[in-house]
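Using our numbering, count along the sequence shown one by one with no gaps and you end on 189.
Since the hints were derived computationally from the structure, they do not count as laboratory data.
Virtual Cβ for every residue (Gly too), placed ideally from N, Cα, C.
You may find that some hints are simply not true.
[Said to hold, decoys possible] Derived BS3-like pairs: lysine-lysine, alpha-carbon spacing no greater than 30 angstroms straight-line:
(1) Lys104 x Lys181
(2) Lys181 x Lys105
(3) Lys185 x Lys73
(4) Lys104 x Lys73
(5) Lys104 x Lys185
(6) Lys181 x Lys152
(7) Lys73 x Lys63
(8) Lys152 x Lys104
(9) Lys152 x Lys185
(10) Lys181 x Lys73
(11) Lys185 x Lys63
[Stated by the list, open to error] So the derived label-pair ranges between C-beta atoms look like this:
(12) Gln15 x Glu94: 18 to 26 angstroms
(13) Glu83 x Ala186: 43 to 51 angstroms
(14) Met1 x Ser93: 46 to 54 angstroms
(15) Arg91 x Lys63: 17 to 25 angstroms
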Amino acid sequence: MTAFTPSPHSLNAQQSMLLVIDIQERLAPAIADLEALVAENVRLLGVAAELNIPCLFTEQYPKGLGATVAPVKAALHDVHGYEKIHFSAVRESEFRDQLAAYGKKQVVVTGTEAHVCVLQTVLDLLVLDYTVFVVADAVSSRTAENKHRALKRMAQAGAHIVSTEMVMFEWMERAGTDQFKAISKAFIR
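Given the sequences, and given the hints that come with them, work out the whole structure.
Written out as structure tokens, the structure reads:
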């Protein structure tokens, strides 16, 4: 029997990490579809925790923009966060070092704003040869137009544009496991 090699375009739980970018209190009221954005991030964080997928989160100048919104912060549990001044998290050396320390080649990216911090971080992750998956229903901007343009630009640069459920099911790979049952009960709508 011939061994099967999954597509290099598929997510793999053992090779993935989740990065949540700048979903912060003072910016949140201006973000389009905030409730859906928060809900999808909470779902992804729950699945990542269930599957032991490492997570990182960032906060852009928290003195001015506040902390991560409460529901997302609660779902982060003991995840390490990074304060940043650069729009791209990758431009912060401490963040870049931690990212490399995980030894993962796939980065699943969520957060705000799609056309600023998410975009610039994704472009820099691609330069560092990470395979990047941007979760379309878990990113947003102040306007739908900015989000749309950012997703298009990230895709043109080589990022994979995916949905929350695409990520969840690719991470799980198959039905019938205890993890699948737990995740299905808690996180599948």
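How the hints compare with the structure:
For the given pair, Lys104 sits about 26 angstroms from Lys181 by alpha-carbon distance, which is consistent with the 30 angstroms threshold. Proximity of Lys181 to Lys105 is assessed by CA-CA distance (about 27 angstroms); at most 30 angstroms being required, the pair is judged to hold. Of the pairs offered as hints, the one joining Lys185 and Lys73 holds, with about 22 angstroms between alpha carbons and a cut-off of 30 angstroms not exceeded. Only pairs whose Cα atoms come within 30 angstroms are accepted, and Lys104 paired with Lys73 is accepted, the gap being roughly 23 angstroms.
Our distance criterion of 30 angstroms between C-alpha atoms is met by Lys104 and Lys185, whose separation comes to about 28 angstroms. Taking the CA atoms of Lys181 and Lys152, the gap is near 35 angstroms; set against the 30 angstroms cutoff, the hint is violated. As the CA atoms of Lys73 and Lys63 are separated by approximately 16 angstroms, the hinted pair is consistent with the 30 angstroms bound. Annotation: proposed proximity of Lys152 to Lys104 holds, straight-line Cα distance about 25 angstroms (limit 30 angstroms).
Between the alpha carbons of Lys152 and Lys185 the distance comes to roughly 33 angstroms, so the proposed pair goes past 30 angstroms and is violated. At most 30 angstroms may separate the alpha-carbon atoms for a hinted pair to count; Lys181 and Lys73 meet this at roughly 25 angstroms. Restraint check: the Cα-Cα separation between Lys185 and Lys63 comes to about 38 angstroms, which exceeds 30 angstroms; the hinted pair is violated. Separation of Gln15 from Glu94 is about 23 angstroms and conforms to the stated range, judged on CB atoms against 18 to 26 angstroms.
Between Glu83 and Ala186 the beta carbon distance is about 31 angstroms. The supplied range of 43 to 51 angstroms is therefore violated. Between Met1 and Ser93 the beta carbon distance is about 47 angstroms. The supplied range of 46 to 54 angstroms therefore holds. At roughly 19 angstroms, the beta-carbon separation of Arg91 and Lys63 lies within the given 17 to 25 angstroms, and the hint holds.
Checked against the numbered hints given earlier, the structure breaks hints 6, 9, 11, 13 and satisfies all the rest.
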